[in-house]
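S.K.: The opening residue of the sequence shown carries number 268 in my numbering; numbering runs sequentially from there.
Some hints could be false.
[Claimed, not checked] Computed cross-link-like contacts, DSS-like style, restricted to lysine-lysine with a CA-CA straight-line distance of at most 30 Å:
hint: 1; residue 1: Lys319; residue 2: Lys412
hint: 2; residue 1: Lys437; residue 2: Lys319
hint: 3; residue 1: Lys424; residue 2: Lys303
hint: 4; residue 1: Lys303; residue 2: Lys427
hint: 5; residue 1: Lys299; residue 2: Lys319
hint: 6; residue 1: Lys323; residue 2: Lys303
hint: 7; residue 1: Lys437; residue 2: Lys303
hint: 8; residue 1: Lys291; residue 2: Lys427
hint: 9; residue 1: Lys424; residue 2: Lys365
hint: 10; residue 1: Lys299; residue 2: Lys427
hint: 11; residue 1: Lys412; residue 2: Lys424
hint: 12; residue 1: Lys412; residue 2: Lys427
[Said to hold, decoys possible] Label pairs and their computed distance ranges (CB to CB):
hint: 13; residue 1: Asn425; residue 2: Ser346; range: 33 to 43 Å
hint: 14; residue 1: Tyr386; residue 2: Lys437; range: 35 to 45 Å
hint: 15; residue 1: Gly318; residue 2: Ser382; range: 32 to 42 Å
Just so you know, the hints here were simulated from the structure itself, not pulled from any lab data. None of the values given here were measured: they were computed from a predicted structure. Glycine included, C-beta positions come from ideal geometry on N, C-alpha and C.
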Amino acid sequence: MINNPIMGNQQETYPVYILSRVAKEIFLECQKAVPKETLGRLLGYRMQWQGKTYTKIVDWISAGIENSHIHARFTAQGSRECECFLDERYSESSARPKETGLFHSHPFGVDPHFSSVDYGTFLNFPYNQEGNVFILIDPIISVFKTFIVAADASGAKNLKQVPCICYYPKSS
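Based on the provided sequences and hints, a complete structural model is requested.
M.R.: Shown next as structure tokens:
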């Protein structure tokens, strides 16, 4: 058994750790958008523990999206607003989190799956870095799926569904 830096004693290091506040807030953001899709950026850190790489999600942002019941995308203005928000919130921080992925909703009331447009977005620059996290949510039936960008033996990248751990900050 190892002493994991986030979860304390546990058998393994999971690929994704999400601050519980972030998981709750992005789920509520998806609920507010129903019947439309929504999306936002995930902020965090790529970390290592005993030779295993994992992603720790500590915050999120969303702004200025164009969305309907079948798509969602950032507008140019929304992208600028996200960058301004990051600068305002973290400009003085030496440990500024990086964009480590996206969350996206499919509010259809059925088990959600990525569309071909989603794959085209998430598996291309700037989102296709190995270890990036993509969370797919159906707020109608309370489904929260976590994926990472992973390369197979040939180097081809794909989205791999992985378990995640929601964690609470350590109290002092």
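S.K.: For every hint, state whether the structure bears it out.
M.R.: Okay, the hints, checked on the actual structure:
no., hint, verdict
1, Lys319 to Lys412, "holds (21 Å)"
2, Lys437 to Lys319, "holds (22 Å)"
3, Lys424 to Lys303, "holds (29 Å)"
4, Lys303 to Lys427, "holds (25 Å)"
5, Lys299 to Lys319, "violated (36 Å)"
6, Lys323 to Lys303, "holds (28 Å)"
7, Lys437 to Lys303, "violated (36 Å)"
8, Lys291 to Lys427, "holds (22 Å)"
9, Lys424 to Lys365, "holds (21 Å)"
10, Lys299 to Lys427, "holds (27 Å)"
11, Lys412 to Lys424, "holds (18 Å)"
12, Lys412 to Lys427, "holds (10 Å)"
13, Asn425 to Ser346: 33 to 43 Å, "violated (26 Å)"
14, Tyr386 to Lys437: 35 to 45 Å, "holds (37 Å)"
15, Gly318 to Ser382: 32 to 42 Å, "holds (35 Å)"
In this structure, the hints that do not hold are numbers 5, 7, 13, in rising order.
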